[in-house]
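Protein chains: 2
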Amino acid sequence: MANYYLGVDMGGTLIKIAIVDSKANIIEEDFIDTDITAKPKDVIKNITEVFKKFKNYSKVNSIGFGIAGDINFKDGIVRYSPNIPKWNKVPLKKEIEQITNKPVFIDNDANTAAIGAYWLDIKATVDNMICVTLGTGVGGGIIINKKLFRGNNGTAGEIGHITIEPNGRKCNCGNNGCAETYIGAKHIVKETVDLLNSSNKSKYILNLANDNIKQITPKILAQAAKKGDFIAKQVWNNAGKKLGILLADIINFFNPDAIVLCGGISNAGNLIITPAKEEIKKRAFKTSAKSCKIVVSKYTSKLGVVGAAMLVKSL
Amino acid sequence: MANYYLGVDMGGTLIKIAIVDSKANIIEEDFIDTDITAKPKDVIKNITEVFKKFKNYSKVNSIGFGIAGDINFKDGIVRYSPNIPKWNKVPLKKEIEQITNKPVFIDNDANTAAIGAYWLDIKATVDNMICVTLGTGVGGGIIINKKLFRGNNGTAGEIGHITIEPNGRKCNCGNNGCAETYIGAKHIVKETVDLLNSSNKSKYILNLANDNIKQITPKILAQAAKKGDFIAKQVWNNAGKKLGILLADIINFFNPDAIVLCGGISNAGNLIITPAKEEIKKRAFKTSAKSCKIVVSKYTSKLGVVGAAMLVKSL
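Protein sequences, first through last, are from chains A and B.
The numbering of the first sequence is our numbering, which starts it at 12 and goes up by one.
The numbering of the second sequence is our numbering, which starts it at 12 and goes up by one.
I should point out that these hints are in silico values taken from the structure, not numbers from a laboratory.
Heads up, a few of these hints could be off.
Identical copies look the same in the list; a pair holds intra-copy or inter-copy alike.
Pairs of lysine-lysine residues, derived as DSS-like cross-links and limited to a Cα-Cα distance of at most 25 Å, are as follows [unchecked claim]:
#, residue 1, residue 2
1, 52, 100
2, 181, 252
3, 297, 181
4, 237, 225
5, 85, 158
6, 105, 212
7, 158, 34
8, 134, 225
9, 181, 301
10, 64, 85
11, 324, 158
12, 100, 297
13, 56, 304
14, 252, 212
15, 297, 197
16, 85, 304
17, 157, 244
18, 293, 197
19, 297, 85
20, 324, 157
21, 181, 34
22, 134, 70
23, 157, 85
24, 100, 301
It should be emphasised that the depicted structure is a prediction, and the values quoted were computed from it without experimental measurement.
Looking at chain A on its own, in the form it has when it is part of the complex:
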């Protein structure tokens, strides 16, 4: 009998559900809207009804969940999720196990993304990998000896909160100069607005944003930069250099086999990767930098659901 694994990626908008095989190939998938006003019990019911519609559900060995927020991995409890605030102290593992009679594992979305990247982008061909999620915030996950590394209390991989400018921008975490304050989407957009306010060198950004600075997104900044917009190019170049400092730190400290970049900001591709690689060249040990494969994920939208399914293989 085939070994299949079911994964659930609980986002603030969509709940993605998929069955994968032992090589992380998606066999079946579906999604439902996230009802953030519903009771957790009802959401859980809706999710497990999707399970039952899958043709291969009976072949599923285990179920994994990935959720943003404060997750008690060991006991399988969602302590708090910013995307779905009603989910407070939900014993998700226990409830799903009672309904399905299958082993259930839950983890935060940075960890499931790392596992997804390990299987989809790296095809599980290396031992040690770092995943850097470049989204609104900057998260990360650490794979060591093919398994997820959680550290002492499950917070290992908080890559966005490595200091890269000791007297730099104030971060929500309380620190100054965290990587996130330079390469997180929110801060990239804010830097753009500041530059637009003090310069008239942008040709395209406001145009693409319908003349409304509130509509500026990283996607618009990437489009503008590709058209040659001076400010957009400058913003990506700045962010890329900061990303390079961060990656050089990781390479020197951890000497990984591979680094995978995922999340919305990684879609900027070479706009951010080229200056990052230049900075790595200046800052990282040559042999370590050379041996470290740097990959932009081709599967950002699938990482969460596939990683949740493969969570059981990363324990």
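Chain B: place on chain A using the hints.
Frame of chain A, contents of chain B only:
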């Protein structure tokens, strides 16, 4: 029969040799001077003659070596050692195995120090530990799941080359602002000399150094600071803050169970640890910082030899 392990710490001045038991307690120890002019073959002969004098040598299961420099751990070859320049491409493992008929392991001294700290300071009671060696340079070693983590090509743990000031001091490695350029002994002394040249606020440093700035050492700086010397206190405070940035980075990224500080600079104790801890409080995640034990090694002079002996248990 007892399980004993033999370790050799090859320094530029002394070669320390010890037999330890399975809990890393030293059973017998000895040392010889390092003859940096002698041929490696002759040095090897002298070392193995010390082995034979040990009463418990017959009970030794394996032999480990720790040496500064570029070590090919896998094949057991000393590619290059800055302390003993004649040791160039020495197949140490093979040669010692031929003489002793026991399995031999060799590694660089930052890794053996980390293993030594894991057994002596931490008593092997945690899973994940970082060792930071604060000497002329700043090195490090990573213990994951009770084993040494080497990374892709053996350079994992280059903690001294994490960037803490992106536009900071030039480092020998080519980067700017490496931690080593702020907390390495050489740079701490240089900062002192610069401050002495531009200020007359020091009461004790030159006195303790026989009025010769070339005689200033970290030890003298610690003595002067303890007497209340303004500049010495400032230098330790600066170094401590930089150390704190580095340790906060490690805590946020790696969420270790423990960090052990060793090496000459760590002897400054609270002069450097107190400002470091203040900086960690500002910069690191609270739960991760709280759960991470920070220890100043009590065994700096024994870490290398004990770690070399225990190398076999960290594979």
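Structure-based check of each hint:
1. 52 to 100: within (12 Å within a copy, 66 Å between copies)
2. 181 to 252: Result: close both inside a copy and across copies, 19 Å intra and 18 Å inter.
3. 297 to 181: Between. Shortest inter-copy distance 17 Å satisfies the 25 Å Cα cut-off; intra-copy 32 Å does not.
4. 237 to 225: within (21 Å within a copy, 56 Å between copies)
5. 85 to 158: Close inside one copy (15 Å) and across copies (23 Å); limit 25 Å.
6. 105 to 212: Neither. Shortest intra-copy (57 Å) and inter-copy (66 Å) distances fail the 25 Å Cα cut-off.
7. 158 to 34: This pair counts as within: shortest intra-copy Cα distance 15 Å, inter-copy 28 Å.
8. 134 to 225: Classified as neither; 39 Å inside a copy, 56 Å across copies.
9. 181 to 301: Intra 33 Å, inter 22 Å, cutoff 25 Å: inter-copy only.
10. 64 to 85: neither (29 Å within a copy, 52 Å between copies)
11. 324 to 158: For residue 324 and residue 158, the Cα distance is within 25 Å both inside one copy (8 Å) and across copies (21 Å).
12. 100 to 297: between (47 Å within a copy, 21 Å between copies)
13. 56 to 304: neither (42 Å within a copy, 43 Å between copies)
14. 252 to 212: within (21 Å within a copy, 40 Å between copies)
15. 297 to 197: So residue 297 and residue 197 pass the 25 Å test across copies only (24 Å; inside, 33 Å).
16. 85 to 304: between (32 Å within a copy, 22 Å between copies)
17. 157 to 244: Classified as neither: same-chain Cα gap 37 Å, cross-chain 46 Å, threshold 25 Å.
18. 293 to 197: This pair counts as between: shortest inter-copy Cα distance 23 Å, intra-copy 27 Å.
19. 297 to 85: between (39 Å within a copy, 20 Å between copies)
20. 324 to 157: Classified as both: same-chain Cα gap 9 Å, cross-chain 21 Å, threshold 25 Å.
21. 181 to 34: Result: close neither inside a copy nor across copies, 42 Å intra and 46 Å inter.
22. 134 to 70: For residue 134 and residue 70, the Cα distance is within 25 Å only inside one copy (23 Å; across copies 46 Å).
23. 157 to 85: both (19 Å within a copy, 20 Å between copies)
24. 100 to 301: between (45 Å within a copy, 23 Å between copies)
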